[in-house]
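Given these sequences and hints, build the entire structure.
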Amino acid sequence: DTAVSQTPKYLVTQMGNDKSIKCEQNLGHDTMYWYKQDSKKFLKIMFSYNNKELIINETVPNRFSPKSPDKAHLNLHINSLELGDSAVYFCASSRQTGEGIQYFGAGTRLSVL
Amino acid sequence: QKEVEQDPGPLSVPEGAIVSLNCTYSNSAFQYFMWYRQYSRKGPELLMYTYSSGNKEDGRFTAQVDKSSKYISLFIRDSQPSDSATYLCAMSSPTGANSKLTFGKGITLSVRP
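Residue numbers (our numbering), protein chains in the order written: chain C, 1 to 113; chain D, 1 to 113.
Wrong hints could be hidden among the right ones.
Ranges between beta-carbon positions, derived for each pair [what the hints assert, rightly or not]:
1. C/Lys-22 with D/Lys-42: 35 to 41 Å
2. D/Asp-58 with C/Gly-28: 40 to 46 Å
3. D/Asn-22 with C/Thr-59: 25 to 31 Å
4. D/Ser-93 with C/Ser-5: 44 to 50 Å
5. D/Asn-22 with C/Lys-40: 27 to 33 Å
6. D/Lys-56 with C/Lys-44: 22 to 28 Å
7. D/Asn-22 with C/Asp-18: 37 to 43 Å
8. C/Asn-17 with D/Pro-81: 38 to 44 Å
Hints were generated in silico from the structure; no laboratory data involved.
Even for Gly, the Cβ is constructed at its ideal location relative to N, Cα and C.
Quick look at the structure:
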């Protein structure tokens, strides 16, 4: 049973489209995150949510809007996709905010054409 | 200067070699130090977790933290082809509302049979 699962695994889309990525964790953790990993493997935090409340928004463009319907789910909606949005997006969770022990999903590989 | 600098790669070693992976950092508030391992097309997984200065050993892996020099290392003894992956160092300050993980750029290790 996968601890942190995200869908879809692959997303290929045209510039200007809107897309969503979903994430669910079954670990009972309070905090969830979205990270972006670029082509050079650099992993950078985008958002963190604690018990459905936005905690960290790391200067991400307004086109990115996270939503947490409950503490086990954190979705990411991206409007007006741009070429530079192509990356791997990882969802992660931890027991509490900022904890070093985080569990990552397998990633969503987004390609914007 | 970036907050976390990691030795650039890639790194290729023969099976059985001792591998040393290193990161330096500039933020003296960092107290928690992690090494994550990421296999190709997978999410990062926590490999080692240390608090403050000192050494921690787990099987063939040893993590070292030298806070006075702002330097952390991961040693892999008797390296195996299954150790081939990208290794990311990560750090955080004490947990709190805005605490987050800051990652190094990652180094890709290849262990040749």
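The hints, checked one at a time:
no., hint, verdict
1, C/Lys-22 with D/Lys-42: 35 to 41 Å, "19 Å, violated"
2, D/Asp-58 with C/Gly-28: 40 to 46 Å, "25 Å, violated"
3, D/Asn-22 with C/Thr-59: 25 to 31 Å, "29 Å, holds"
4, D/Ser-93 with C/Ser-5: 44 to 50 Å, "29 Å, violated"
5, D/Asn-22 with C/Lys-40: 27 to 33 Å, "18 Å, violated"
6, D/Lys-56 with C/Lys-44: 22 to 28 Å, "26 Å, holds"
7, D/Asn-22 with C/Asp-18: 37 to 43 Å, "42 Å, holds"
8, C/Asn-17 with D/Pro-81: 38 to 44 Å, "41 Å, holds"
The structure fails to meet hints 1, 2, 4 and 5 from the earlier list, while all remaining hints are met.
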